[in-house]
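A.B. asks: Construct the complete structure from the given sequences, taking the supplied hints into account.
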Amino acid sequence: MKASRLAATGAVAATAVVILSSPAFAHVSVAPEGTAAKGGYAVVDFKVPNERDNASTSKLEVAFPADHPLASVMPEPMAGWKIQVTKSKLAKPLELHGKQITEAVTKVTWTATSAAAGIQPGYFEKFPVSIGALPEDADELVFKAIQTYSNKEVVRWIEVQEDGGEEPETPAPVLALSAATEDGHHGSTAAEKTDAKTENAAAATEAAPADSSDTTARVLGVVGIVVGALGVAYGVLAGRRRSDA
1 MKASRLAATG AVAATAVVIL SSPAFAHVSV APEGTAAKGG YAVVDFKVPN ERDNASTSKL
61 EVAFPADHPL ASVMPEPMAG WKIQVTKSKL AKPLELHGKQ ITEAVTKVTW TATSAAAGIQ
121 PGYFEKFPVS IGALPEDADE LVFKAIQTYS NKEVVRWIEV QEDGGEEPET PAPVLALSAA
181 TEDGHHGSTA AEKTDAKTEN AAAATEAAPA DSSDTTARVL GVVGIVVGAL GVAYGVLAGR
241 RRSDA
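So the sequence shown is numbered by the working numbering: it starts at 1 and just counts up by one.
Be aware that a few hints might be false.
[Said to hold, decoys possible] BS3-like cross-link-like pairs, simulated, lysine-lysine; straight-line CA separation at most 30 Å:
#1 Lys152 / Lys107
#2 Lys89 / Lys107
#3 Lys47 / Lys87
#4 Lys99 / Lys89
#5 Lys87 / Lys59
#6 Lys144 / Lys87
#7 Lys47 / Lys107
No lab work stands behind these hints, which were simulated from the structure alone.
C.D. replies: Structure (structure tokens):
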């Protein structure tokens with residue numbers, strides 16, 4: 001009886017964990033590739049899971065924050081998806097590299113080019129976008145998203161969580177911003193990571209000949225010592241033979 005009760009209690013607890021944790025991974029979210037530092041640029045991924053068993057995700061619309069407009073928004077091309085970038089006039093122009101920007105991206109829409117190209121049941125997909133310059137007077141950016149399924153069902157991920165409140169049923173994706181670094185390098189991008197890997201590989205290639213030469217020198221040195229020792233031994237033996245004679 002005790003064993004059966006413990007098993008039943010464990011099953012209930014496990015079910016509760018699944019139910020309570022499911023919203024944490026089931027909704028549309030946004031996260032940087034590396035860091036998203038204030039005042040800098042970043043590549044962010046909008047992660048979209050398919051929560052239906054009988055339909056695929058055929059469309060994603062992401063609204064960019066109007067209170068903190070971004071002068072540069074560049075989505076990465078994706079096979080099987082048509083991408084539309086919508087811009088709007090700004091009430092107050094932005095400064096970017098010494099130039100005034102009078103319009104900014106307010107929405108990016110991804111539409112599957114075919115039923116097979118959409119996000120199938122049981123899968124998720126990431127939608128990368130390069131954004132900047134990130135605001136210096138904010139700790140986070142809220143992106144409201146709309147997910148459309150192939151059966152015409154629409155899920156609006158637009159609810160903003162209040163401070164100290166519970167997570168809403170359909171929360172909007174939120175991007176947390178980190179502090180700018182003192183050396184002026186704001187965040188990290190995939191391009192910077194690739195450059196670093198290339199530099200490391202080049203350094204390793206340049207160091208290879210030196211390492212090889214050093215190893216060869218050591219081998220020759222050891223051989224020389226052995227040959228010298230053999231010569232000394234031979235001389236000693238020869239001397240003894242003469243004395244015996």
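A.B. asks: Each hint needs a verdict: does it hold in this structure or not?
C.D. replies: Quick rundown of the hints versus the structure:
1. Lys152 / Lys107: It holds: about 20 Å lies between the C-alpha atoms, which stays within 30 Å.
2. Lys89 / Lys107: Holds - the C-alpha atoms of Lys107 and Lys89 are around 13 Å apart, at most 30 Å.
3. Lys47 / Lys87: holds (23 Å)
4. Lys99 / Lys89: holds (16 Å)
5. Lys87 / Lys59: Given that 30 Å is the threshold and the Cα spacing comes to 19 Å, the pair holds.
6. Lys144 / Lys87: It holds: about 16 Å lies between the C-alpha atoms, which stays within 30 Å.
7. Lys47 / Lys107: holds (16 Å)
No hint from the list above goes unmet by this structure.
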